Each structure stands twice: as structure tokens, then as C-alpha cells.
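Based on the provided sequences and hints, a complete structural model is requested.
Chain by chain, the residues:
2 protein chains.
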Amino acid sequence: MKPLHLTLAALALAGSAAMGETIATGDLGLVIERTTGAVLLVDQSDRAALARIEGLGDLSHASLVYSPDQRFAYVFGRDGGLTKVDLVERRIAGRVVQAGNAIGGAISDDGALVAVSNYEPGGVRIFDAVTLEMVADIPTGSKTIGLVDVPGRRFVFTLWDAGETWIADLSGDEAQITKITGMGKNPYDALVTANGRTYIAGLFGEDGLSALDLWDEDPKPRQVLPGYGRGEEPLPVYKMPHLEGWALAGAEFVLPAVGRHEVLWVDARDFTETGRTATHGQPVFAMARPDGRQVWVNFAHPLNDTIQVIDTVTKQVVHVFKPGPAVLHMEFTPRGHEVWVSVRDADKIMIYDTQSFEKRGEIDADSPSGIFFTARAHRMGL
Amino acid sequence: MKPLHLTLAALALAGSAAMGETIATGDLGLVIERTTGAVLLVDQSDRAALARIEGLGDLSHASLVYSPDQRFAYVFGRDGGLTKVDLVERRIAGRVVQAGNAIGGAISDDGALVAVSNYEPGGVRIFDAVTLEMVADIPTGSKTIGLVDVPGRRFVFTLWDAGETWIADLSGDEAQITKITGMGKNPYDALVTANGRTYIAGLFGEDGLSALDLWDEDPKPRQVLPGYGRGEEPLPVYKMPHLEGWALAGAEFVLPAVGRHEVLWVDARDFTETGRTATHGQPVFAMARPDGRQVWVNFAHPLNDTIQVIDTVTKQVVHVFKPGPAVLHMEFTPRGHEVWVSVRDADKIMIYDTQSFEKRGEIDADSPSGIFFTARAHRMGL
Chain Y
770 MKPLHLTLAA LALAGSAAMG ETIATGDLGL VIERTTGAVL LVDQSDRAAL ARIEGLGDLS
830 HASLVYSPDQ RFAYVFGRDG GLTKVDLVER RIAGRVVQAG NAIGGAISDD GALVAVSNYE
890 PGGVRIFDAV TLEMVADIPT GSKTIGLVDV PGRRFVFTLW DAGETWIADL SGDEAQITKI
950 TGMGKNPYDA LVTANGRTYI AGLFGEDGLS ALDLWDEDPK PRQVLPGYGR GEEPLPVYKM
1010 PHLEGWALAG AEFVLPAVGR HEVLWVDARD FTETGRTATH GQPVFAMARP DGRQVWVNFA
1070 HPLNDTIQVI DTVTKQVVHV FKPGPAVLHM EFTPRGHEVW VSVRDADKIM IYDTQSFEKR
1130 GEIDADSPSG IFFTARAHRM GL
Chain S
770 MKPLHLTLAA LALAGSAAMG ETIATGDLGL VIERTTGAVL LVDQSDRAAL ARIEGLGDLS
830 HASLVYSPDQ RFAYVFGRDG GLTKVDLVER RIAGRVVQAG NAIGGAISDD GALVAVSNYE
890 PGGVRIFDAV TLEMVADIPT GSKTIGLVDV PGRRFVFTLW DAGETWIADL SGDEAQITKI
950 TGMGKNPYDA LVTANGRTYI AGLFGEDGLS ALDLWDEDPK PRQVLPGYGR GEEPLPVYKM
1010 PHLEGWALAG AEFVLPAVGR HEVLWVDARD FTETGRTATH GQPVFAMARP DGRQVWVNFA
1070 HPLNDTIQVI DTVTKQVVHV FKPGPAVLHM EFTPRGHEVW VSVRDADKIM IYDTQSFEKR
1130 GEIDADSPSG IFFTARAHRM GL
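Chains Y and S supply the protein sequences, listed in that same order.
For the first sequence, the working numbering assigns the number 770 to the initial residue and increments by one for each residue that follows.
For the second sequence, the working numbering assigns the number 770 to the initial residue and increments by one for each residue that follows.
Because the hints were derived from the structure by calculation, they are not lab data.
Treat each hint with caution, since some may be false.
[Said to hold, decoys possible] Okay, derived cross-link-like pairs now, SDA-like style, lysine to any residue, Cα gap no bigger than 20 angstroms in a straight line:
1. S:K1091 - S:D1116
2. Y:K1084 - S:R1038
3. S:K1128 - S:H1088
4. Y:K1084 - S:A980
5. Y:K1084 - S:D1116
6. S:K948 - S:V899
7. Y:K1008 - Y:Y997
8. Y:K1128 - S:D879
9. Y:K1008 - Y:G1050
10. S:K1128 - Y:R922
11. S:K1128 - Y:D879
12. Y:K1128 - S:A881
13. S:K948 - S:D930
14. S:K1128 - Y:Y997
15. Y:K1084 - S:A881
16. Y:K1128 - S:S940
17. S:K1084 - Y:E986
[As the list claims (entries may be wrong)] Take a look, some chain Y residues computed to stay more than 10 angstroms from chain S by CB distance:
18. L797
19. D878
20. E889
21. A931
22. A937
23. Q945
24. V1027
25. F1126
26. K1128
27. M1149
This structure is a prediction, so every number in the text was calculated from the model and none was measured.
Where a beta carbon is used, it is the ideal one built from N, C-alpha and C, also for glycine.
Written as C-alpha cells, this is what we have:
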């Protein structure tokens, strides 16, 4: 027997905390309130808001990642603000304005480092996750997009102007940078597959996508889906679909077509197109339920009051409904039994059962956009 | 603005708890101490034990599942004990001895129901996750094995004597049972794939495996891997590999061969064999790192002091080492940067970096066996 029994004092302390507020963090989440610079702390099991935390700056196009213990969120604001939010104490634990214009971030696989991708000045800055002190500054001379984390304390990101993808390895004392050229003209966004292996950049300046096998010792860009974006009049960059909208459903990816009322089905092994499904409008997000059996799709303005649910076996729409005006985002509970939907112009989050499609609850929120559940802490490349 | 600001009192309460002990639960875990009927509460980030919780009965072949908030564990003992452990208060929150001889359990996708699979009396009993009151008793007249949860508040399990698989749907007021016959002779264990779609039973009474497509409206057993188990002298049932040892590495499963010193590679789409890798001994578990790039293999007595690491691209062994006597189990951190290893006869848990293979720490434990991190709360079919 080892002397590890809990002391009475510690027990009493833990007990008193338990009586107060939720302190287990596995079923919590944050919702971005884009117009007020606040985040709403929510509880999935109670289908309830627990607290509002304010003072996060410009949260248009904001995103966030979680620490491995699911206690802290790192919120990336458009204004270059990096805000560390403590979900247990329900307050801002730290904040730095680290650049003039930022576009997302990532956290290393060990939770030690937080990286932010910047437009102005262009590059990536990397911060200690505990103190928010900057530990590495990687200027790129370019707007920098598509920042993701991959195993081995590495970050991958892409240069809009230069058409290059860089891999920054932070496992040693100094950041080691590998530069991959020839990614294509004006990559505007990128994603990494859930296993951290395949990095895919969308191109604004030409049709098609550029893929890298990060397991290769010397990754080279490979052109895939050559028709992606072709055949329509050119779209402004803000109308190009976010690549995070890709969903892996079984052996296929489902992704929004560019400028069309359809989603595309793509073989996950070789990225060849396997089908198309006509949709209500121009899709924004096509999100797979965690088991991959359903894909939920929302749409661009002015058709953004509607959600369609597609069965991934038949590729047919099996359910259509209108949660309300301006459906911006959807997040599934980790095992997929419910889905939370941001309805911005109704100032509501709506909660639905994914089997029966019945509404299970709603929560007031100020112009809600992104919903982020703490289970994301345990997934790669988000 | 909604009136959701945190009160000062609540802040002070949360603050005092935070000063005491870890209360975020995302990076915690429990280790089974099989000889003493205890579980050790551990912290992945601190690589440390936090507390020992005793009084859980016979924990030989024990397993456990977590509540969605990662606060509670439900521990399934061999003696039929179902013990609810509170990770926040670090104590037993409830315990029932619900049968004479049990073999594992599962938790419904919504976290509301906990099911236990029993040998004696044969069947499945289902309990309210909050109160541990029994809400359904499903006798089968047979030893019952291979219990898993699948989406839609359903449990799937298999009858050793009858060779049937039953699906219990608990989404309504009464349990609805679907019985599937002809699974084969003496199924001894089963698994479900991570998406909840394919249920695979291992057969003791004949060669091969039996697979069900649970997305089919009327699932029928299909024989797969017809050579699995063939060509060797018959093994006693306790030497048959646990099917939970299957790992999905990219587009292939990796699984221990029966009675041979090798692992098999199987195409995840059609279950045809794609390769074999010779190993140090008879594999017990072949565990994929979460990104699928590596598979870590431990071995049966008397070669159970060794671990081999296989690269899933080349299918070659890339690292071999000896953590110590009786390596029983391995658990990866959720994003795979480290692995924890139970070394029973050294009374230690060893922790290794999965990139460098360097040892990062060790923890004292009494005859440790299974290691279960709280991230399992968010995965299906465990």
C-alpha cells in the first residue's frame, strides 16, 4: 500500500466545490458571442448556460482550442487578441494582443504551446500555454493561413502570397522550419485530416486543391480534385468555403461545392470524386455526426435559415427544417446523440436529438456563432 | 446582455477549489490495481498519482467506462460488482453487486444508462447512471459477452451458448430487443468499430469471425477472415486474444494472430487480410497510437516483459524495449504524444514519449493492470 489516501481536508475542499458549481469539465463548452466580445460557458448535459465571460475583443471569425485538462480555452480573435479563459474559475486568466490581424490558432499535441496565425504582420507566433509569453516568432512575409497542429510538437501553416507550406517543429530548443514550395496560387485556407497525415490547401488563384502527405520524409504537393471551384464565375475570397467544413463520413469526405447548391463526396483514400448531392442552397458547413451516419449542412445567406440532414449511405437528404434566421454553426455532442445549433439572428442556441430530430432545448445567447465543446481538447488538427 | 455574470461568492468557491487539487477532469485517469480491489486516480499532465480509492471488490479482468462529464467512472468487477467512482471527490459514490460473475459493461451514448454483461446469471442488466437503480433486466439463458454501446441509446451483446447477438434499444419506455441468430459456434468476445457500424464476434468453436453491419435495417451475420484461428492446435478460451486489442491504423485493422507470433493486417473496408508482421511473441494487445502511425504490441507470458513498436506504413518493427516484468496494458494520451504502460510485477506504471521513445516518468502502483484515461468518455463502443 502506498500512502496516497486522500486527506480529510482535501476531501472537504473538493466536496464544497462540488456543491457549488459544475467542476468536472468533460461536458462543457464555449459559444462565441460575436458582437459583444464575450463567450458563453455552457453545459451539454444540463443543456444550459453557466456563465458569460466578457472582454475578449473582436470575436468576428473567432475560434478557440482547449488545454488537455479541458480547464482552459485559448480564444483567437480577429484583432490579434489571444485570450486564455479559465472554465473552472469562469474568468479570463490571461490576454495578449499579439498582432494586428489574426486568423486562427492551434495547440501542440502535448498542450505546452499555443500558436497563432497572423495576417498583419504575416507569420506565426508561438506562446507558452501557461504564461502566454512568446517563445517563438516565425515571420513569413505573407498573410499566413491554414494553421494546424500535428503530432510531435509541430505546427503546419501556409503562405497566401508565396504559395508555400511551412512545418515548424518545436520539439527541440529552437524551432526547426521545413519549407514546401509549389502549393499553388493564393492558398486561402487549409485543413489536416483527423489522423494528422494529410494536409489539404484550398486555392483561390486556381482550380483544384493541393495535398501533402505529412508522413512522407520529404512531402511534395499533389494536385487533387482538379475541378474544385471550376466552371463558375469567380467568387470573392470571403465566399470560398472554409475547409474546416469537410466531414469524414466513413470512407468518404463530404465537402461544400464552391458556388453551387451541392455537396461533393470524395474518396478518402485517393481524393477522387464519388458523388454529388443537390442541396437547398450554397453549403457553408457539412458536418458529420461523430459516427459518420449523418451529415448536417447549413447554407449561405439568404438561404441560411435552413438545415438539411443527409444520410451517408444513400447520400439522400432525409430531413429538412428551419431552426431560425442565420444558422451559423453546428456542434455535435462527442458521441453524437445531440447537436447544438447557433441561430444568430434569433439570439438562440437550439439543441436537437439527432435520432428523432426533436428539439431538446434552447439557450439564450447574444448573436451566437461558433460552438466549441471541450472534447475538442482530445482531437488533433482542430 | 443576459444576467449570467458569475457571482462573487461562486467565484470565491471555485477559486478555493482550484487552489486545492486538480478539478478539471480532461487529463485524469484510473488504473486498476487488480490484487487489492483498488483504483489509482492519475493525472496525465503531471505524470502523477493523485489518490487511491479502495473497496471495489474483485478487479481481476476489470474494466470501466466514464460519464460524459468525465466526473464519474463505472467500474465492472469480475465478481458482479458495479462501482461508481467520483473522480472529483475521490471516493466511491455508489456500489451494487448486481450478479455473481460479470464480464464488462458499457454506457449509453447520452450517459444515462450503464449496462453490465453477466455470466452468472447470464444476461445483461441496465442501471440508471445517477442512482445505480436497475431499470432493465434482460436474461439471455446464456453467458453473455461482447457488450458494447452504439448510437441511439442502444446496447449490443452476444450469447456464448446460443450463438446469437441481441440489440437492446432503450430509447423508449421499454427495452426493445432484436435477436440475430447464426453468429457461429461459441462467440467468446466481440468489438464494435469506432463509428459504431460494424460489430465483430470472435468464435471459439470454429475458425473465422462473424461481422454485422448495424446500419443495415435487418443485420445478417457475414463470415470474415475465415482463416482466423485456423491451422494451430486448439487453445483454451483464456488464451484467445481479446478483440478489444484490434487497432485501426489508417485504412487497416491490426490484430493479434491466434496462437502465433505475429500480427495480422486487415483491410478495414472488406476485412480481407493485407499482410502479416512477425513479432517477439504471441501478441496480447496491438494498440494504435491515436494518429495511426504506430502500433504498440505487448505479449503473452513468458515473453511479457517486452514491447514492440510497428510502423504502420512499412509494417516493420521500428523499436523494441523491455519496460519490465509482466507488461499488461498500454494507454495513449488522447493525442498520442505519450503512452502509459502497466508493468504488473514491477508495481509500476511507466510513461514514454512516443516520438523519441524516451522514458518520461514512472508511478508506483500495486500490480497495475488496465489504464483508462477520461478521454474515453467521448468515444463510442468502448
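Each hint, compared with the structure:
{"no.": "1", "hint": "S:K1091 - S:D1116", "in the structure": "15 angstroms, holds"}
{"no.": "2", "hint": "Y:K1084 - S:R1038", "in the structure": "18 angstroms, holds"}
{"no.": "3", "hint": "S:K1128 - S:H1088", "in the structure": "13 angstroms, holds"}
{"no.": "4", "hint": "Y:K1084 - S:A980", "in the structure": "24 angstroms, violated"}
{"no.": "5", "hint": "Y:K1084 - S:D1116", "in the structure": "53 angstroms, violated"}
{"no.": "6", "hint": "S:K948 - S:V899", "in the structure": "29 angstroms, violated"}
{"no.": "7", "hint": "Y:K1008 - Y:Y997", "in the structure": "14 angstroms, holds"}
{"no.": "8", "hint": "Y:K1128 - S:D879", "in the structure": "15 angstroms, holds"}
{"no.": "9", "hint": "Y:K1008 - Y:G1050", "in the structure": "13 angstroms, holds"}
{"no.": "10", "hint": "S:K1128 - Y:R922", "in the structure": "17 angstroms, holds"}
{"no.": "11", "hint": "S:K1128 - Y:D879", "in the structure": "15 angstroms, holds"}
{"no.": "12", "hint": "Y:K1128 - S:A881", "in the structure": "18 angstroms, holds"}
{"no.": "13", "hint": "S:K948 - S:D930", "in the structure": "14 angstroms, holds"}
{"no.": "14", "hint": "S:K1128 - Y:Y997", "in the structure": "46 angstroms, violated"}
{"no.": "15", "hint": "Y:K1084 - S:A881", "in the structure": "31 angstroms, violated"}
{"no.": "16", "hint": "Y:K1128 - S:S940", "in the structure": "15 angstroms, holds"}
{"no.": "17", "hint": "S:K1084 - Y:E986", "in the structure": "16 angstroms, holds"}
{"no.": "18", "hint": "L797", "in the structure": "8 angstroms, violated"}
{"no.": "19", "hint": "D878", "in the structure": "4 angstroms, violated"}
{"no.": "20", "hint": "E889", "in the structure": "31 angstroms, holds"}
{"no.": "21", "hint": "A931", "in the structure": "28 angstroms, holds"}
{"no.": "22", "hint": "A937", "in the structure": "15 angstroms, holds"}
{"no.": "23", "hint": "Q945", "in the structure": "13 angstroms, holds"}
{"no.": "24", "hint": "V1027", "in the structure": "28 angstroms, holds"}
{"no.": "25", "hint": "F1126", "in the structure": "13 angstroms, holds"}
{"no.": "26", "hint": "K1128", "in the structure": "16 angstroms, holds"}
{"no.": "27", "hint": "M1149", "in the structure": "5 angstroms, violated"}
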